[in-house]
Structure formats: C-alpha cells, structure tokens
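Trainee: Residues per chain, in single letters:
There are 4 protein chains.
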Amino acid sequence: MAGNSFGTIFKVTTFGESHGEALGGIIDGCPAGLEVDLSLVQYDLDRRKPGQSAIVTQRKEPDEVKFLSGIFEGKTTGTSIGFIIENTNQKSHDYSHIKDSYRPSHADFTYDQKYGFRDYRGGGRSSARETASRVVAGAIAKQLLKNIKINAFVSSVGSLHLAKNHEELDLAVAETNAVRCPDSEMALKMENYIKDIRKQGDTIGGVVSCVIKNVPVGLGEPVFDKLHAELGKAMLSINAVKGFEYGSGFKGTEMKGSEHNDKFNTDGTTRTNYSGGIQGGISNGMDIYFRVAFKPVATLIQSYETIDKEGNIVKMQGKGRHDPCVVPRAVPIVEAMAALVLADNFLLNKVSKI
Amino acid sequence: MAGNSFGTIFKVTTFGESHGEALGGIIDGCPAGLEVDLSLVQYDLDRRKPGQSAIVTQRKEPDEVKFLSGIFEGKTTGTSIGFIIENTNQKSHDYSHIKDSYRPSHADFTYDQKYGFRDYRGGGRSSARETASRVVAGAIAKQLLKNIKINAFVSSVGSLHLAKNHEELDLAVAETNAVRCPDSEMALKMENYIKDIRKQGDTIGGVVSCVIKNVPVGLGEPVFDKLHAELGKAMLSINAVKGFEYGSGFKGTEMKGSEHNDKFNTDGTTRTNYSGGIQGGISNGMDIYFRVAFKPVATLIQSYETIDKEGNIVKMQGKGRHDPCVVPRAVPIVEAMAALVLADNFLLNKVSKI
Amino acid sequence: MAGNSFGTIFKVTTFGESHGEALGGIIDGCPAGLEVDLSLVQYDLDRRKPGQSAIVTQRKEPDEVKFLSGIFEGKTTGTSIGFIIENTNQKSHDYSHIKDSYRPSHADFTYDQKYGFRDYRGGGRSSARETASRVVAGAIAKQLLKNIKINAFVSSVGSLHLAKNHEELDLAVAETNAVRCPDSEMALKMENYIKDIRKQGDTIGGVVSCVIKNVPVGLGEPVFDKLHAELGKAMLSINAVKGFEYGSGFKGTEMKGSEHNDKFNTDGTTRTNYSGGIQGGISNGMDIYFRVAFKPVATLIQSYETIDKEGNIVKMQGKGRHDPCVVPRAVPIVEAMAALVLADNFLLNKVSKI
Amino acid sequence: MAGNSFGTIFKVTTFGESHGEALGGIIDGCPAGLEVDLSLVQYDLDRRKPGQSAIVTQRKEPDEVKFLSGIFEGKTTGTSIGFIIENTNQKSHDYSHIKDSYRPSHADFTYDQKYGFRDYRGGGRSSARETASRVVAGAIAKQLLKNIKINAFVSSVGSLHLAKNHEELDLAVAETNAVRCPDSEMALKMENYIKDIRKQGDTIGGVVSCVIKNVPVGLGEPVFDKLHAELGKAMLSINAVKGFEYGSGFKGTEMKGSEHNDKFNTDGTTRTNYSGGIQGGISNGMDIYFRVAFKPVATLIQSYETIDKEGNIVKMQGKGRHDPCVVPRAVPIVEAMAALVLADNFLLNKVSKI
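Quick mapping for you: the protein sequence lines, in order, are chains A, B, C and D.
If you're matching positions, the first sequence starts at 13 in the working numbering and goes up one per residue.
If you're matching positions, the second sequence starts at 13 in the working numbering and goes up one per residue.
If you're matching positions, the third sequence starts at 13 in the working numbering and goes up one per residue.
If you're matching positions, the fourth sequence starts at 13 in the working numbering and goes up one per residue.
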C-alpha cells in the first residue's frame, strides 16, 4: 500500500536506506521446487554494483546478498524468501551539508514535505541504492522464467544513439564493455564521452533498451494490468526514469495504420513487429522490446546555490563518488524489473482458463 | 487480480464487452460526503462518445450512465458506487467475418490463445468501448480532487506536432475544436489531415498531452508506486497506447545534469520544471505534465489478407464506422485515468504521517 | 480497500443498498471456459430470498439476477463478470421513523458516525440484502469447484441443538424443510419454536454448520491466509455472525493432545478428524467442517425506547416484515462464502509449485 | 498473495523458518513521525519467548530484534521498516526422525503435499516460531494506537474456566503470574494443572480472551472487511487456533433479540454490550472483546505410531522441549494481531469521509 511492494502473485517487498544497517526484501509467491543458483544472483548484483569500471561511481560496496529463508537444500520451499544486503560502507560520513538543505532535482524537498522529516544520509530511501534489492528478486524471477531471455543494453548516452535495432545486433557484446552497449565502436565513443562529462563534474542522461525473447503467448491481464502497462510501471519506478515506450513507441504515432499493422504469417507469428510482442495487453509470442529514458544524474561535482529548510539561499558543493551517467549500471535493474513483471504474469496466466 | 481493477484506496473495477448487455463498474473507497454533480459525469462521457464530430466514428451510442448505489441525497455515502452504461447499439450485427479470423494488430489472436475462445462481437472486452467506464469513474475522481485541474489535449496527429509547450497555450481552446488541440490553426490542419486519412480508408496515430495544475506537494508512494509510475501504468493501460513520458521525457536523456536540474526559488517552487512536477516519485507542487503516444487504429476500411484460426490465409474487408484517429476521443480518457491516479494518491497521502 | 471486495484471484466486488436501484457485483478472475448453468445461480438465490416459507420474512422480492458481461455462448470468457439484481420492492416506503433515530444493535449509529450520514432506507448498505450478491458470486464459484461439495444446514435455533454430528446425518434432508435442518424431527421443533418467537414479536439466534467434502489436499496459503482463517473471515463478514469454529472448535480446548491428535491411516487419511480437514492452514483431504454463530435479529416487532441523532430519548415501534430467525435463509449465504474461499484457494494452489 | 502479508495500509510481511538463519519482516505503511520505544518491542518479544517460566518450553532463544530501516533518530520515516530476529539456537539438531515421517496433527503432511517437499527442521515455516515476527510488528502497531489499550489474558486451560467476565477482573493481574490469568487463585490452579499435564508428556488446550478499550467510533470497513471479520481472520491465522467469537459469541445464539439488543444511553454508549463493541462491522466506542480457542499442542513427549512418506507405519518418540499448553505464550501474539488489525483500520478510517 505504501509503495514498497511489487507484483501480485510473485510479489517482492523491499526495505532499506542508502546508509542504514542493511537493505533487503521478501519474495512471496515464488513457487516451490525451483532450483536456485545463488551465483547467478550475485552475478547480477555485481553487474549493478559501484566501482566495477572507470565510468561508474568509485564507491566501494561489496553488495553481498544473504538469503535467510525460503530456500532449502538448494530449492525454493514455497514459503517467503527473505534476504539482506548489509551496508558495509555506511559509517563515518559527514552529512551536515545536506541535512538541512535541499539539493535541486533530488527527493530531499519532497520527502521532507511528505513525511515531515527524512533520513538525509545519502538520500535515505530515495537513493538508487534501493535497487540492489530489486536485482536480487529479479535474479530469482529470471530463474523461474527459464527459457525466457531478457537482455537490456545501453542504446543512447546523451546524443550518441545506437542506430541499429536489436535484430541487427549481437546483444552479448553489451556485457563485454563498460558502457553495456552491444556495438563496440559506439561503446567506445560513449565511454569516452562519459569520461569527458565526468571531468566537467557534470552528468548525462541516456536510454536503456530491453529485448525479451521466447515469451510464451498469453501473458498479460487486461484491461488495467496489460503486460506493457506493468512493464511501464516497473521501469518508471526505477530512479531517474522519465519515459517508457514499447514496440513502435512514440515514432509509431507518426505512422498510418496500413504501415503499422503487423501482418500475420500462417503460424501466427507476424512479419513485422511494430506491436512489440504485445497485442491488447497480452504477449503474442514475438519479441517484446522497449526503451527506457534516464535523466542525467542530479548530483554534480560542482558548486551551486540552493535553498535550506527555511527557504534561505545556501551554497553547496557536490562531492563524493557519483555516477556521471547512470545507464551502464541501470542495465541489470531494467532486466530485474522486467523479470519481476514476466514472472508474475507467467504465474497469473496459469489460472486464466480451466 | 485478473486485471479489471485500478487503484488501491480509491479503486475502480470495471466490466463489459463492446456488444454485451451493458458496461459498468464499481468505485470503492470514495470518501463519504462528496457532493456529486452527475451532469459533469455525463459531460465527460459525451466528450468520449462516438458520433460527436465529423472526424470520429459515426456509430450511435448514447452512453448514458446510471448510478445504482453509493450516492444518496446527492452525496457519496462511503459505500461502493455501482454504475452501468447500457449498450443500446449492440444488436443485429454480423460478425461472421471476424468470428474465426484474426485481424492484424488487434487482440483477436492473443485473446483466443490466452482464454481458449473469445467474445468476437466488436472486439469484446478488448474494445476501447471499455474506457467509457473509466471516464465515469474518473469524473467522480475529478470531483474529489476539487482544485486540482487536469487538462489533456491533442499535441500531435501523425507528423503534425504542436510546437508550443503547455505554458504558452490557452488549454481551454482545445475544447472548442473537434480535434481537441489548443492551437486553433494547428487544429484545423489536423482536422483536414484526419479527414484526408479517412478518405483513404486509413488511420493515423497521435499524441495526447496532459497538464495537471494545483497539485499539492506530497502525492506519490515510493519506491514502486512512484506517482509517475502510476500515471505511466494508467496511461499505458489505455487501448492503443505505445509510450509515456513526463517532464523532460526522452529529450531529457540528451541533457546534462547542469542543464536539467531545476533550481529552487526560495518558496520551494523551481525556476524550470524538467522534473515534470515530481521528484523521487512524489509531487513537488509544480505542474505535472506528460505525453501519451497512441498508435494508429488497427481497423482499416480496406481489404487485406490475414489468417483464420486454422492458419489459412483469408481475405477480409474492413467495414463499419471506425475512428480514423483515436486521439480526439482519447483526451477525456487520459484525463479520467490521471484523475483516478491523483484521487488514489490524494487519499493515500492522508495516512503518510501521524 | 474500502471493504467491498473479497478474494485475491477469484475476486468478487459488490455494491448495492437495500432500497436503492439495484444490487450487483463483479466477479474478476474466474478462469475462462467454465460452462455456467444460470439456473443453479437462480436456485441459490431462491433459497436465500424472502417469502419462501412461513418462518421467514414475508417481503416480496423476486431477486432475479441478470448477467451483463463475462459469459458468452454459455461459458465464462476470462473477463470480468458483471451482474445486477434489481430492487423491485424499494419504493414508497416511509422511513421517517428511522431517519433520525438509531435502532439498538443495528448499524445506524456506527454508519452515521463513520460516514457522517447514511442511506437510512431499510438499513442501506448494512442490510443483509447485500448478501444476495454474494450468493450469485458463490453460485459461480460452486460451479468452478465441480466435485467439491459444500453443504450448510441449521444445527441450532436458540437452545434447540442438533445432537448428531454431520457424519450421522443425511444432509440432503435439510433442503426438505423450511428450517433447513437435516433432522426432520428436530426441524419441526425448530419451526414451531420460530413461529412462537414470531408471535411474540421477538427473534432468536442460531447456528449454521457447514461440511465441505471432496476437498483436494493442498488448499490454503500460510501463514496469514490459512484456509480456516479465510473461511473464518468469510463467515464473520456475514451479517449477524458472532463466532466461527472449525474442527474441534471451542470444545477442542478442553482436550488433551493425546486425545485430539488425528492418527494417520496408511493412505494419509486420518482415523479421527478433530483437525476439521485442515492442518497448518492447508487442507488435508478430510472433510472440512465448521460452525457459524448468528445472533438474534435486532429488528423486533415491539415498541421500545431509543435515542435520536441529538441524543434525545424517542419511542420507536418495530414494524414491517422481518425474519424472526435468520439461520434458514443464512444457509445459502454460508455456502456461497465457503465457495468463494475454496475457489480462490483452488486457483492460488495452482501456482504453489513449479 | 501467497499468504505472508497481513493488512492493507499498515501492512506486515514476514519470513523465516523455525531453524533457518533468521526470522523477520517488513512493516509497510506505518505513518512517518511515530516515536518508537524499542524497549516496548523487546518487552513483548520477551513475553512470547521460550524459557520464561516453568510451564513453557525450556528452549533457549534470546529473540532479540534488530531494526534495519525505516526508523531514524527515534522516529519512523514513513518508509518500510525491515527487521530480523536471528535464530541462535538452530544448529546441530537431529531431524532424521521427522524428515521422512508425518507427525499427527502437524503440518508435515500438508506442506509436503502442497509444496512437493518441506523444510523439516523444527516444522520449518509452519512452526509457531514464526509468530515472533508478528509480535514485533504488533508492538509497533500498539505504539501507533496510543490510547487504545489491548489486553489479552488466559481465560481457560482445559476445563478450568475463569468464571468472571472482563469487567469484574483486574486485567493487570494477568502479567503477575506465569499462566497470564487475571485471577490469581485460578492462575495457580491452571499452573498446577499444566505441570501435571507436562509430567504425563501430554498437552492441553485453552482459551485466550482479549479486551480492547478506548476504541474510537468508526473503525471497520464493511461489508467484507468488517472489523470483527478482520479480527477473526487475524486470530485464526495464529498457530493452533480453532475458533473465534466476539461479544455474545456462540452463547448469543441462544438469546432472544429482546434480551440481546444493547439499549442506548443518551450519549451513544450502550447499557449492555452483547455486541462486543462492534455494530455492522464498525466499532461503536464500547469495549471490543473476543475469545480465541487454542487446541492442545500436537507434539507429545510420548511414543506413538504414525506413517512415513511412503505410507509405512513407523514408530516415533516425541522429544525435545515443547510447550505443554500454548496459551500463556499466545497472549502477546493475540495482542499483536489485534494491534495490527486496529492500526490498519485506524488508518483506513482516516479516508472514510471528506
């Protein structure tokens, strides 16, 4: 109710502040009997963690997940799965500069207004550190989905746009470079651009694209819980996201119906896929693909003026180790949220007909 | 659970097929004591209904709503509000052409696969006729929101884009033309373009923009139920929607943080509003604005080949009275869904602090 | 959220006041492809309806249900099932005597306090007339449950207690008499007693027992949603219910573990069934049985003193056609609620393991 | 969905097996700004913990709760509250005797059937050890409820029934003896009886009563979520509970309406309180009181025959340190669940009227 749960049957609830004792969550509704490979969970956490390359924040957080329940003798038991990730890096910081002031385009002001006060340490609950718990839950969801393959990758950094579409690309290339762009040449350009932005103490936005293959026909619950509506909510709930489009997206608005309609092959597949693998809110078996817009990170390593709680103008100096561009680390988060949506709809679909 | 409900406290559940007996719904969680002006409900229904202008479908459906419970002596009682809209136009149609065949880019195929069979009459539950119930519920939500003003309007039809942003426009102009575009000159161009498209038996996509003013600070429930995530889901659940962006949206991905950050005024408002009125998933009191992408309607008044249930190629001829462009009638639907999100979050926020 | 929905996957939401236009509801989550026998729905409604015998209220309400969606060509489509029951008897009453006064042990006072005012006509939403919608939804649930047989019956009226337990009785006998007691001799005593009570203008409480046979092993979702916890909530939500016990119930508290433990047969069934067919919140395949306590109806055909809204003492005279004892008509309601719980858990259990 | 959450706005989700790493939970929806006294949480945990007296299990579990998030500078922040209780006593046990066999009247059989296998160590998730998390959440809920006072106590052990009702008793006496019975003389009898039962290696059932004072008028959400229906579900979800009654309960079924109706005083209070503080599912400001039936613990320190997974008869010997009677330790659990229901309804009621 208060917004810390996601899903209906396969449901994850999370907790944890950026600089509290620990983050964690509970996965409820994961079917019993699923063999869990914990190394795959840690693998995704490592893809998200700080300090993994030269173009992300250099903070040190090991981000080791500990499962506390719900898995026994290597398999899920059908009971709730509790897990925690201890914050080892949370101590001895000095927050006096943000305690009583509001950083522009952060959640400092709105949390204070909504809740009356806030845990100001490193952004508290509003920090993207929270997404570590999502990655854990998503990694379990991926294992439930077996053959369904979810691949996210960076398709834009600032004005650098990947021209090729996902069918023309070898998506496996994305994991071979720090940017997570499946075109090595473009990846290098993006990497250099991000380094340049960092030197300026500035940040830049970008786009993460995602392709989901081998989706069974029938996932999605019309009318309000259409599959793409759930995917959209999932993506928009990630920190810094400003937009979501699937299939033809915004470009599709410029097309005529006679161009946009996906003609059927005799086996029920379609010749084109402007639909993005979803018709009427239900998967049609074609690839699902979508794009997620991330704004530039709000924390700049620059000095600037802002206001304090009383409305006085104050000077602030951005410091610390922050991401100059969030999209490389957002890739596993996008995949995790997609996995949560798919897992939930996979289970919901099991009770669609008698 | 099966997708026919929206909201957590202010919750609407709907039912009804395009050509069944009636559509309708139940609003649960509307606080008691709200004076309801039923003419405003009918006003919004009339804005959505077929036959209202030369550029929308010429079907005749009076779309009169009848409230059955939950309102007494002009006020809500706090109990569930039931309502129906009778389908007066549902009889004597011939559906033999779609009964056993799958129209491209419709939900015929996916409904059949998911549910084993389908109500093929006029698209059944997958028809946008379902949104009439949303408009009713949204019209009640609007009245709960009092001073919060929600204005949607058409900002693109195909490649015709409204250049001005919402602050440069008189939004009231939108309701003075058939397209619902707040720039009369552009409205005329769009109208002529849609007429042209119709003559071709074709359809065209478009974009509906929405601005919400006078939003109190504090609406939105992090982390999964961020206000814009709920708005995004709401919009993506509307038929034919392919994308959603708010604030700076996809364009914001090309900006630097130093450009994108919204500097505070001393009263907590901001000088720019790239954030789109939401920070960290919580409203900050600035205007909320977003854009919703609608694909071209899939029903063409042309002949084409498709497949039947057995995978045979069959010839079909689009006929009937369909919308050449969905966005003019989508305007009140976008507003209704926005109102549902706001009303729900308005109530949720009342229990955020002691 | 505001309490008018029941269930998680097989979910019913209802609306309607005693003397409004209509009652009704929406069933969401019923799987597609269920062949529905509408005459069985009407059969259960008729078992609940007023005027069916000399010992129930003599009001005339035909209680005919009309399905508006979700059923097509005799089968459920997987979309939401809307239905209404028109109130044909709601007009021209005089409510001046209860408009401003609070009848003792009714909900007049609490509704007024909670909601600020109330629909005073016939009790409004607090009237047991609301349960008609439950019976409709329950009758659909029963059909989903196929072999699972739910039989409720009257086991007490006042101090007249049926001595035999359910295994010693032919439960089919219950439907052969007006009281719905499966022991004809006792039924006659109860019937005469109720007639006597009515002559006094008084009312009397009673107990409805329920037995569920052929339950598959595995229904129920620990830990909070144990099968008996859901059954208990379902029963306690029925008007006038004061208690619920299953299996050994309150008498089981006086037993020793060595007496109470149900020893296994080699096939997994048990020799005794103090557990009431549920272990750890999950059905074990034995008969589920429980008892539901109904208080005496609060409406007396007597004159009495009470208070008005301003706290003044006022005289009231009970009048109209009311039930002297609610349990005969409560039998189909108990069955309906049990069916809703079982249907929901039947579906939930389909996603318990991979 | 899978049953590990309770509540709608004030919602707790729990995890943890009897002999896993840790138990714990997440409280979502607790309003911000609540000053939390952690010693009161530990106090209730200590009332529940093993080894506290001679008549409960002599296992040693410190049951220390650690809060991981959602509380900052002594106050709740409005974000989710995560907590864990480490299992310090979970190692080096020998479970070979229950691994492949089903103990009578335990959940061994049903868990195995539902989930395909089970964590057999100490009952896994079906162990009442799970209720420690409930007590933590309930202790936070109690603090939110401020003046509302919830007092549970033991009113029966086997056939030893407390004759006096709650108005004739000093409930504070309950916490002065090991049984938690508010009548010292009866407490001594019960204590001796339990000791006697233990010597026999047997167990005995009992009843926990609960009284809630200072309840504001208006709590409860008709029609399905009536306040007593939520209380009933809450109590029935506790391990070993077989029945629930409130107000006049099962005895009320033998009363006439003319006896049972609670006459009003001019201030809206009532002269009698057969209603148990709830009318039409909504609190009326009078004391809420109810009784909860607990069966005898199934684990006996005796030898007996049962079956293994293959249906073979096997000999088992109950061993270890178990409770001979569960009700003394159930008292804080009953209070905790009542507090969760009240807190949730307290918040829900804040949005009942405009």
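Simulated from the structure, these hints should not be mistaken for lab results.
Just so you know, not all the hints are guaranteed correct.
A pair holds if it fits inside one copy or across any two, identical chains being indistinguishable in the list.
No more than 35 Å apart at the CA atoms, straight line, and that leaves these computed lysine-lysine pairs for DSBU-like [said to hold, decoys possible]:
id: 1; residue 1: 161; residue 2: 111
id: 2; residue 1: 365; residue 2: 176
id: 3; residue 1: 158; residue 2: 211
id: 4; residue 1: 365; residue 2: 211
id: 5; residue 1: 72; residue 2: 331
id: 6; residue 1: 321; residue 2: 263
id: 7; residue 1: 201; residue 2: 362
id: 8; residue 1: 72; residue 2: 111
id: 9; residue 1: 275; residue 2: 158
id: 10; residue 1: 225; residue 2: 362
id: 11; residue 1: 207; residue 2: 225
id: 12; residue 1: 111; residue 2: 201
id: 13; residue 1: 263; residue 2: 176
id: 14; residue 1: 365; residue 2: 327
id: 15; residue 1: 87; residue 2: 263
id: 16; residue 1: 87; residue 2: 211
id: 17; residue 1: 72; residue 2: 321
id: 18; residue 1: 327; residue 2: 263
id: 19; residue 1: 365; residue 2: 207
id: 20; residue 1: 331; residue 2: 275
id: 21; residue 1: 362; residue 2: 321
id: 22; residue 1: 321; residue 2: 111
id: 23; residue 1: 207; residue 2: 158
id: 24; residue 1: 268; residue 2: 78
id: 25; residue 1: 207; residue 2: 327
id: 26; residue 1: 327; residue 2: 211
Please read all numbers here as calculations on a predicted model, not as lab measurements.
Trainee: Hint numbers the structure violates, sorted upward?
Mentor: Numbers 2, 3, 4, 7, 12, 15, 16, 19, 23 and 24, in rising order.
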